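A.B. asks: Please build the complete structure, drawing on both the sequences and the hints.
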Amino acid sequence: MNKVIPAFEISLLEPVFSSSIELSEMGIDSLLDDGVFKNIPIVSLLVGVGKTAQNIHDRNLLKQTLNFIKTFNDKQISKEKLGKYKEAINKNPKKAEKELERVLIILNSNVEIKKSQMLAQIYRAYVEEIISWEQFCELSDVITRLFIIDIDLLYKVYNNEVTDTSQCRSYQADRLISLGLLDSATKSLSIGNTSNSQTVRYISINKFGDLFCNIIK
Numbered sequence: 023m024n025k026v027i028p029a030f031e032i033s034l035l036e037p038v039f040s041s042s043i044e045l046s047e048m049g050i051d052s053l054l055d056d057g058v059f060k061n062i063p064i065v066s067l068l069v070g071v072g073k074t075a076q077n078i079h080d081r082n083l084l085k086q087t088l089n090f091i092k093t094f095n096d097k098q099i100s101k102e103k104l105g106k107y108k109e110a111i112n113k114n115p116k117k118a119e120k121e122l123e124r125v126l127i128i129l130n131s132n133v134e135i136k137k138s139q140m141l142a143q144i145y146r147a148y149v150e151e152i153i154s155w156e157q158f159c160e161l162s163d164v165i166t167r168l169f170i171i172d173i174d175l176l177y178k179v180y181n182n183e184v185t186d187t188s189q190c191r192s193y194q195a196d197r198l199i200s201l202g203l204l205d206s207a208t209k210s211l212s213i214g215n216t217s218n219s220q221t222v223r224y225i226s227i228n229k230f231g232d233l234f235c236n237i238i239k
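Residues 23 to 239, numbered by my numbering, are exactly what the sequence shown covers, in order.
Honestly, the hints are just simulated from the structure, not real lab data.
All figures in this text were calculated on a predicted structure; none of them were measured in a lab.
Do not take every clue at face value.
Now the in silico label distances, taken between C-beta atoms and shown as ranges [stated by the list, open to error]:
hint, residue 1, residue 2, range
1, E36, F169, 33 to 39 Å
2, I32, K116, 16 to 22 Å
3, D80, S188, 44 to 50 Å
Result set (DSS-like, lysine-lysine): computed pairs, CA atoms no more than 25 Å apart in a straight line [stated by the list, open to error]:
hint, residue 1, residue 2
4, K117, K103
5, K178, K136
6, K117, K97
7, K60, K25
8, K116, K103
9, K113, K103
10, K120, K106
The C-beta atom is built at its ideal place from N, Cα and C for all residues, glycine as well.
C.D. replies: Here it is as C-alpha cells:
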C-alpha cells in the first residue's frame, strides 16, 4: 500500500479530468483508451506502464475507483475544508493510510457503480466535516450491505410517500430496518390460520436514515 495510497490521494484530491464525463456509461476499455485517464496516478499504478487491465477483478476496481473520484469532485468542496483535509493527511501518513485504504477496500468489493458513487458522497461529507469519521464508517457499512433495489423505497419513506408495509414489499422494509435506516411499529394484526395471519407495520425514517438520505439523495 506504500505506493497505492499516495497515488489514490493525488488522483482523488487533484483530479485531472472533467467531472462532466459520464464514466458509468463507458466500458473500461474506452476509459483506458483515453489518454487523460492513463495520466491519473492510480490508473497508471494499477494498470502498469504500457499495459492494460486484463482480468475482471482489476477492470472492475478501476471503473469503481474512477467513478468514486468523479462523484467526489462533482460538487465543489470549499478550499478551506479541502486544504484542511489535505494538510491533515499529509502531516499524518497513518491517518491517510487508514482512511484511504478503507475506501479502496470497499471499492474493491463493489459490483454496482451506484455504491461507489454513494460512497464518494459520504466521503465528501466527511471531508466537508458534515459527518465524523465514525459516522463515515457506519454509513459506508450500510452501503456495502444495502440492496440497490431498496433505495427507491427508502426515498419514498423519507418523503412520506410510503408510511406502512401494506404500501410496499414488506421484505424490502425489513432489510432497511435491519440496516438501522427505518423504524417500525405494529399498525394492525389480522389473525387467521397459519397461512393467513398478517401484520401491517408503520415504517418511518429515523435519525440515522435521515442523515443517510440527506447526504446521498
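A.B. asks: Taking the hints in turn, state whether each one holds.
C.D. replies: Here is how each hint holds up against the structure:
1. E36 x F169: 33 to 39 Å: 35 Å, holds
2. I32 x K116: 16 to 22 Å: 18 Å, holds
3. D80 x S188: 44 to 50 Å: This hint holds: roughly 46 Å between Cβ atoms.
4. K117 x K103: Holds: K117 and K103 sit about 16 Å apart, inside 25 Å.
5. K178 x K136: 18 Å, holds
6. K117 x K97: 24 Å, holds
7. K60 x K25: It holds: about 17 Å lies between the C-alpha atoms, which stays within 25 Å.
8. K116 x K103: 20 Å, holds
9. K113 x K103: Within the cut-off at roughly 15 Å; holds.
10. K120 x K106: 17 Å, holds
The structure agrees with every numbered hint stated previously.
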